[in-house]
Amino acid sequence: MRSPGGNGFRKALQYLSMELAQQFRFAPRLLWREWKGGELTVLMLALLIAIASHTAIGHFTDRISRAMAFNANNIIGGDLVLSSSRQIKPAVGERAESLGLEVAEVQRFITVLNVGEDILLVAVKSVSDAYPLKGTLRVTDELFGPERSVTKGPPSGEIWVESRVLHALQLELEDTIQLGEKQFRVSRILTYEPDRGNSFYSFNPRVMISERDLADTGIVQPGSRVWYRQMYAGQSDSVASMQQWLEQNQEPGQRIRTLDDDRPAVSNALKKAQQYMGLASLVALLLAAVAIANSGRHYSERHYDTSALLRCLGCKQNDILWIYLIQLCVLALVGGLLGNILGWLAQAGLFAFVSDLLPKNVPAASWKPVLSGTVLSFIVLLGFTLPSVLRLKSVSPQRVLRHDLAPLPLSARFVYGTSLILIVLMMWFYTRNLTLTLSIIAGSGIVMLIAALVISGLFRVIVFWLPRFPVKLRVGIRNFLRRRREAIAQTMAFGLTIMAMLVVVLLRTELVTTWQSTIPEDAPNHFVLNIQSSETEDYVSFTQQKKIKADRLYPVIRGRLTRVNGNAMVEHVSKEERSNESLNRELNLTWSESVPADNEIVDGGWWPAIASGQTSVSVEHELAKKLSIKIGDTLTFFTGDRNWEATVTSLRTVKWDNFNPNFYMIFNPGSLDKLPVTWINSFFLEPERKKVLVGLLKQFPSLTLLEMDAILNQVKSIITQVMLAVESILLFVLVAGFIVTLSAIQSTMNDRLREGALVRTLGASKYLLRINQWSEFAGMGFIAGIIGVAGAEIIVAVLYHRVFELTYTPTWWAWILVPSASALLIGLAGIYSSRRILNEPPINALRDLRV
Amino acid sequence: MDHAEALARSQPVTMSKLQMEPRLIVAEGINKIVDVAGQPLQILYDINLTVSSGETLAVVGSSGSGKSTLLGLLAGLDLPTSGKINIAGQKITELDEDQRAEVRARHIGFVFQSFQLLPNLTAIENVSLPLEILGRKDAFDKADSILDHVGLGERKPHYPRQLSGGEQQRVALARAFVTRPDILFADEPTGNLDAENGTMVADLLFQLNAENNTTLILVTHDPTLASRCGRRVGMDSGKLFSI
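These protein sequence lines map, in sequence, to chains G and S. Here the first sequence is numbered in the numbering used here, starting from 1 and rising by one per residue. Here the second sequence is numbered in the numbering used here, starting from 1001 and rising by one per residue.
The reader is advised that the hints may include incorrect statements.
[Claimed, not checked] From chain S, some residues computed to sit far from chain G (all C-beta separations above 10 angstroms):
1) Q1042
2) L1049
3) G1072
4) E1094
5) S1145
6) N1213
[What the hints assert, rightly or not] From the structure, some residues in chain S lie toward chain G, with a derived Cβ separation under 10 angstroms:
7) G1076
8) V1103
9) Q1116
10) T1179
11) R1180
12) N1197
[Stated by the list, open to error] Simulated coverage check for chain G against chain S, where a stretch passes if three residues somewhere in it have a Cβ under 8 angstroms from a Cβ of chain S:
13) 389 to 402
14) 638 to 644
Derived from the structure by calculation, the hints contain no laboratory data. Note that CB positions come from ideal geometry on N, CA and C, so glycine has one too.
All chains should be modelled from the sequences, with the hints used to inform the complete structure.
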């Protein structure tokens, strides 16, 4: 009697679950036996490299980035800063605290310091107890004495001053000075504030007091011009939430500051380093994926017989599929776990090795790369081997009787399509950059297509010329030609590997060179302001006499921008820009005959022919954009007691972080002759020669000296860390490249061993075999080298232009060095891998391969 | 056909049922045509064959006569172009590949000329494999005892590459008999062996066959080996004839 449908379905489900449970017991057992038999070594090695390099790079970049971000954020005094021209509402601070962030507050204003009859205009900074949130203040207890770090601002009743305050007012430490209505004791000399940012040209000497004393000074009254800053620090998620909240609740006159705004060079270096690391880890992963795909195919082909036998012994098609799926999952899990452990050990070893070069505050490894490494293990292994393994399901059981029966090949479109989709998704996930992803894919695609055509052509030429080759070489060449498809695939795999590695090497070299040139060893570490025209000659001879490496002197005129094309600035600019500091303070104006180094004209021309007596100005392009200034506009400036006009003739980019004097406005020579001018200079002075500065200030008491060492050193140390990270990651990529080469050689090794054994059986000498092997592998290596260089050049050219904003120059040396080196290395690796052919009696090889 | 019906159709036939069925294998009007380079090539012509339970049958013929193709069809490894094959009361020509696999698992054992041992499995692992596929918990114990029985007690942990040809074929015999199959298909079992090992393997094959009362279908071109079977048929150019 037939059971009712529902019952039958339940029975069927029960039966299926029993079947599956059986496969779950059987598959791992079979896998373990194969592992013992050494079948899975190459596949596992490739998987381990993929996961280990991913997790090692993941841990390394994560830790380094967090350390770098921490140190970099020291520069702005917090993870996030809100600046405002009006008092910041208490709700903002409360919001930050509710997100678990630390909050510090700073007020800045200009006022007068009194010491008896002497007065001095100073920039006052009052700070809350939590200040600074990131980084430290640096102070000295004597003029130009040794610096030390402190983590808090001055206590109540004390004032910390810059050395030039002491100099200008003839004061010493422990003297008393009056600020508004309150007396302060001068307790320390302030040499460095982490959040000083770009305001190198704040002419006023700076002093710092506690926020608790601010009210007692009575200086800040309604209507006083005060700049407020609130700084936040804490968990990155909370910082991101705060930033989002601030953006939504931003009021006019408020600006949200991040590292990008205040330190473009450092932020740029960090971004490029992270992009590079993303790219490099992706390359390592892709190389390992190629190795996995290679070994997966090899693994699958080696299992045709096993599948046929299992089918013969009664396994169903789905059983076969389940067995291999379960095996792959077990492999992925084991590979994921072991790869994670290896990756963690590798990064720990790397950190131990370079610990002297790194800051002491490198955070511990996080769990993020562990999780992604394990997931990745499944994605990579299943994604790149499944197309090959699926074929095992369709192996005919008849193969046990007729060995030549191979399963039908899967559609090439399916295999390459799935791999391509997987690669694009992985690249996109890693880089979060579609341009980068598409550049690499398109570049590789074009190169591979051309390469395949060229290699096919080359084979035709070889076939044509074969009769003219020495007889001894013909056997090897014929073997090579017979495996034409494999040979092309293998050469392309080598070519891709070389290309990927070369992209990483070339980018690294270019980035490191660029960064090194960003801040040269002897970058100016002192700025001298307020040099009077009458003092310039004496000043220059002083620097020459003391062998100080001084830059040229720049004229500086102080002026306020008041109108554009006759319209007041308030009317001309957008609401958001009305509080722009450039409008609310005097700008430093200069003139110059030539475009300063590191400046680049982006619009207009440098001093085009103009009518005599007309004033032209070149404006920094970011400022021009913010203030809606265009070429041909007439700008009105106010200096001292007069208004004067200039026509905009060019817009320039400026590298603000090159530690040289930089200007928003540059005028044509002679145009500002009638205005009061002082001079500015920068120079490099070795730290041990600091005492020279006492003589300088004695001889020129009116000039203002700014010391930049601390901030310069901080930027330099960040860039050193970035470079170190980049160098270390290159190492992983090279290891992954090596493994992929081995796996590619391994994948055709069985055929080679069988053929080698046969040829030896027929009487070929070891010498002849060696010559043949060498010419085959070295030839493949040479062609692969050329493909690699060509591909790398194309991709690097696109990447430089589109992603890294670098100038591309072809790498001529690579065209000679890479193909030669690759011929040599692949030749050697090939001979090493096929040494069994030469070293063992041919009967062993024949017997092992038959079974 | 729903799941239950499919399962019912593929359910294995029990021993008692087999014993009641004297005609274990019935092949009627078997033709096999394959496609070679776009041209049809007929390999088997109108084969009719009946094998009774417990019988030993030798199929003799020269290389290329179609012996192995016939063996593949009788064992359900492939389907004929036309004709019917019935094994143990089941029309295997009407079963799909998975159902035929079930029949093979329950009733059929194989021995091949090229041994077909899995290179990464030891001798004992190779022998226990068919029992493990059936989900038998005593797979290793059974494999252990049959390896002792075929005189390879010392070679259990060895891989095929560490065994001689004769030893490999003895492992293959142990693997074939460990499930106590109703039918054993042997394709040139001594074809890859020297005379001495060939005799030893043949002796073992017939000894195990007798002990298990297995129906044996032996394909060979060796008349001496064929003569040890109870019945012999010949194959020539795809046609079967009595000897």
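The hints, checked one at a time:
| no. | hint | verdict |
| --- | --- | --- |
| 1 | Q1042 | 17 angstroms, holds |
| 2 | L1049 | 18 angstroms, holds |
| 3 | G1072 | 5 angstroms, violated |
| 4 | E1094 | 17 angstroms, holds |
| 5 | S1145 | 19 angstroms, holds |
| 6 | N1213 | 21 angstroms, holds |
| 7 | G1076 | 8 angstroms, holds |
| 8 | V1103 | 8 angstroms, holds |
| 9 | Q1116 | 5 angstroms, holds |
| 10 | T1179 | 8 angstroms, holds |
| 11 | R1180 | 14 angstroms, violated |
| 12 | N1197 | 15 angstroms, violated |
| 13 | 389 to 402 | holds (count 6) |
| 14 | 638 to 644 | violated (count 0) |
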